[in-house]
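Please construct the entire structure, taking both the sequences and the accompanying hints into account.
Single-letter residue listing:
There are 2 protein chains.
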Amino acid sequence: MAKNLTTRENDYSRWYNDLVIQADLADNSGVRGCMIVKPYGFAIWERIQQELDSRFKETGHVNAYFPLFIPKSHFSKEADHVEGFAKECAVVTHYRLKNNPNGSGIIVDEDAKLEEELIVRPTSETIIWDTYKKWVQSYRDLPIMVNQWANVVRWEMRTRLFLRTSEFLWQEGHTAHATEKEAIFESQQMIDVYGDFVEEYMAIPVIRGTKSSNERFAGALETFCIETLMQDGKALQAGTSHFLGQNFAKAFDVKFQDKDGGMKFVWGTSWGVSTRLMGALIMTHSDDNGLVLPPKLAPIQVVIIPIYRGEKEFEELDPVALKVLKELKASGIRVKYDNRDTHKPGWKFNEYELKGVPLRIALGPRDLEKGTAEVARRDTLSKELVKLKDLSDHIKSNLSEIQVQLYAKAKKSLDANINPADDWESFESALDKGGFVSAHWDGTSETENKIKEMTKATIRCIPIENKKISGSCILTGKPSKERVLFARAY
Amino acid sequence: MAKNLTTRENDYSRWYNDLVIQADLADNSGVRGCMIVKPYGFAIWERIQQELDSRFKETGHVNAYFPLFIPKSHFSKEADHVEGFAKECAVVTHYRLKNNPNGSGIIVDEDAKLEEELIVRPTSETIIWDTYKKWVQSYRDLPIMVNQWANVVRWEMRTRLFLRTSEFLWQEGHTAHATEKEAIFESQQMIDVYGDFVEEYMAIPVIRGTKSSNERFAGALETFCIETLMQDGKALQAGTSHFLGQNFAKAFDVKFQDKDGGMKFVWGTSWGVSTRLMGALIMTHSDDNGLVLPPKLAPIQVVIIPIYRGEKEFEELDPVALKVLKELKASGIRVKYDNRDTHKPGWKFNEYELKGVPLRIALGPRDLEKGTAEVARRDTLSKELVKLKDLSDHIKSNLSEIQVQLYAKAKKSLDANINPADDWESFESALDKGGFVSAHWDGTSETENKIKEMTKATIRCIPIENKKISGSCILTGKPSKERVLFARAY
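Protein sequences appear in the order of chains B and P.
Just so we're aligned: the first sequence equals residues 1 to 490 in our numbering.
Just so we're aligned: the second sequence equals residues 1 to 490 in our numbering.
It is worth saying that the hints were derived from the structure and are not from the lab.
Think of the CB as a built atom: it goes at the ideal place given N, C-alpha and C, for glycine as much as any other residue.
Take the hints with a grain of salt, since some may be wrong.
To be clear about the criterion: a stretch of chain P counts as covered by chain B if any three or more of its residues have a C-beta under 8 Å from a C-beta of chain B, and this derived list gives those stretches [said to hold, decoys possible]:
1. 25-35
2. 96-102
3. 115-126
4. 397-407
Here are the computed lysine-lysine pairs in the DSS-like style, where the Cα-Cα straight-line distance is at most 25 Å [what the hints assert, rightly or not]:
5. Lys57(B) / Lys326(P)
6. Lys383(P) / Lys336(P)
7. Lys344(P) / Lys323(P)
8. Lys98(B) / Lys77(P)
9. Lys250(P) / Lys57(B)
10. Lys323(P) / Lys329(B)
11. Lys329(P) / Lys57(B)
12. Lys296(B) / Lys57(P)
13. Lys134(P) / Lys348(B)
14. Lys329(P) / Lys98(B)
Okay, here's the thing in structure tokens:
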């Protein structure tokens, strides 16, 4: 168990925070609510970015970049959107500083007040649809399949590293289509891209579903989502994809001349995932010793640590370690040889455990004699002596195995934590146990709000693969067409 | 000649602007001074990013991310820096909007005023050094070799797409070292990384040099730079790398315990290139027909255009074109087959010329008979009939050749436009002719300022490979140790 790391049982929330900081993933900054993503954390985020970006491109998308600032008046154009988004934002009001005449530093120059305030983007629908108006004239200009990697700001009162920060990094896709059918297809396609990526790469099982109108994106007709379950029984929304209908096209007057000559409004979608995924990653796999990373995302998949006393022993070990390093690198494995003499092996063991490196190879003098190495798995904490000649194959199959087993373990836990409830008492006690509660709901916002007030639980989603079996609402007893998933959530 | 594109001779500045917009590289947004980087422009920027990023990593750097906002008080900590940077900035003063009680939309909530204003980063030295204070205790924590890809904002009154925009994209490296020697090595290494990249990838010849104190980065002891020359005879600074000495370490109290046990201030560097490079790319190679792209940066290196009348001809051509497409793709060439029937071949020829695609393959019925294709080069506008069986090799060697020849052409132009001047009259007339003027200067800021006032020319750099031959200042006649390069600049 890593020193200084609170155990999960003791205080899950503090364990999370300790882990993020001690594993060098991120840190709080001097700016309220804004985080610093440290190099090790950023290396994981880069791997997430890279893989997602290539999946976006495979599905026909291109990247572009739109302004950080949005004129205040843009927000008011789509009625639901302004209600949902325009409140807790960073507002730029001035464009110049000047020396304080009293010599005490710099102050805002009141002569440099903007005519119209600029909002730091909390999301970019408005500025992008304002642009699409210029890009779209004819059906030949459609579809527009654009994605943007960007920083966004939503002023938050209570922040937590990766999970809820005032500034965060994300991607936001914004597409425009000639037909409703194409736009619905796109929003469903993208939730599948997200779901497949999160399951295959992050080894996190997801439930694909749609949101109730309460939880829907401001301005969307339908929000598709992937929901995940953390070790403490709380749900976490990992990604959303919105079918916008013609709402933004109408708000920003984006029309096109169709093949039949008629002028029609464009159909839209938007979809995004953020650095929040880092939070999901940490809280799905990690343990009281620190981070546990699925091999496909680990910046370092294997670390080689030499165990020696004195220079002579090191000189004997070093060429063997270098040979292993070279072999593994040649197989495309991300491997690090930590031969620093400033730190002891025990310190290094702890360090790489804390940082979630999937496999550790320890090489000592006795290994040299026997032609072996000790291979330790981060996920199971098990150790094994492996013949040097088999090492490369062993490592490769271990890495695949870890990826598969991390997913299987999380999937088992998810499946074991979806509990049906058919009356209010069992509903409440199921919620208290944690996990998703599958229950009937009468379909009204009013009931959902009431349940939220009473239990702090919300409808996480209406699963896409739901069986349409009717019943009666857990709260009101009114008729319900299908069960939905409730949970307390991050 | 592309329609609607102003010629360079007619109006260079308008030609540039027309080209950026018509070639779909970027566009102005509704937000003053902020540009939209369109998908085609962004695809080029992504290639620049990718290659630079891998060169940064090869030289031992890692990426991280620091907050967008900087507390106002941070700026005042480094005296020179505040003078140079803290003036024309976007200032966040409030964190909430609310519905206007009169129902007319949304207004800034005056109750949500920040205690301390936040500045949208114009550059990140201050917030990063404030962080390094926490990261550095011992010599073991050094060096820190961090880079960040980010957006920055410097409020500009006169903006031009890519060249000068209020928001722009860039990377900023920020490193911390135990010794002065290491920090100087790093700042020199990075200007070489920039120089090599710009020459090898962008096919733009550079002059490596140092800045005079007037042009030096605010807070640096030495600024290294790469300077380039545009077709209109104006210079453009393409990248800078700063040796910061211990200035920021002292301002933010960043000390470390050295091997000898003593506490010492850290030595720093910072270095950056931005979307300005896109401007340099456009203005170095392009012509009156549009963009000309070096193959290494071109998102599409080769386009295949079928020439046909009616479906039957198309059906005969299509399998041949598909075979060529497959062959070229297999060789790792970025190739596009434009088989759209919504646009005519002539329109497509113009379009890809405008967009600077290095090679165009046209395939028509007569080519089928003869087993040939017409290959057109964008840079020379020359055409050649090539046997289909030789096509793949021909394309590959053509792409390499274009890359080399674009550089050679630009290098010849640069070399021909560095003119020595030994008296004021020839200095002024050399400046009017355009290009760099190599002249003696007495080394004072005063003289440099006077020359700038009189001619609008500044010292672009003191070339690193300068011969140390003494002379007398072009303006004051005072002694000078070496010639420096003057020019009017972007």
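Each hint tested on the structure:
Counting residues of the segment 25-35 of chain P whose C-beta sits closer than 8 Å to any C-beta of chain B gives 6, which meets the bar of three, so the coverage hint holds. Restraint check on the segment 96-102 of chain P versus chain B: 3 residues with Cβ-Cβ distances below 8 Å, three needed, restraint holds. By the rule of at least three residues with a Cβ nearer than 8 Å to a Cβ of chain B, the coverage given for the segment 115-126 of chain P holds, with 4 such residues. Figure legend: the segment 397-407 of chain P, annotated as covered by chain B; annotation inconsistent (0 residues with Cβ-Cβ distances under 8 Å, at least 3 required).
Distance restraint check for Lys57(B) and Lys326(P): the Cα-Cα separation of roughly 19 Å lies within the 25 Å cut-off, and the hinted pair is therefore satisfied. For the given pair, Lys383(P) sits about 19 Å from Lys336(P) by alpha-carbon distance, which is consistent with the 25 Å threshold. For the suggested pair Lys344(P) and Lys323(P), the alpha carbons sit about 22 Å apart, so the restraint of at most 25 Å is met. A threshold of 25 Å between alpha carbons decides the hint, and for Lys98(B) with Lys77(P) the separation of about 15 Å falls inside it, so the pair holds.
Taking the CA atoms of Lys250(P) and Lys57(B), the gap is near 46 Å; set against the 25 Å cutoff, the hint is violated. This hinted pair does not check out: Lys323(P) and Lys329(B) have alpha carbons roughly 36 Å apart, beyond 25 Å. Restraint check: the Cα-Cα separation between Lys329(P) and Lys57(B) comes to about 16 Å, which is no more than 25 Å; the hinted pair holds. A distance of roughly 20 Å separates the Cα atoms of Lys296(B) and Lys57(P); the hinted pair therefore holds under the 25 Å criterion.
Of the pairs offered as hints, the one joining Lys134(P) and Lys348(B) holds, with about 22 Å between alpha carbons and a cut-off of 25 Å not exceeded. Restraint check for Lys329(P) and Lys98(B): not satisfied, since their Cα atoms lie roughly 56 Å apart, outside the 25 Å limit.
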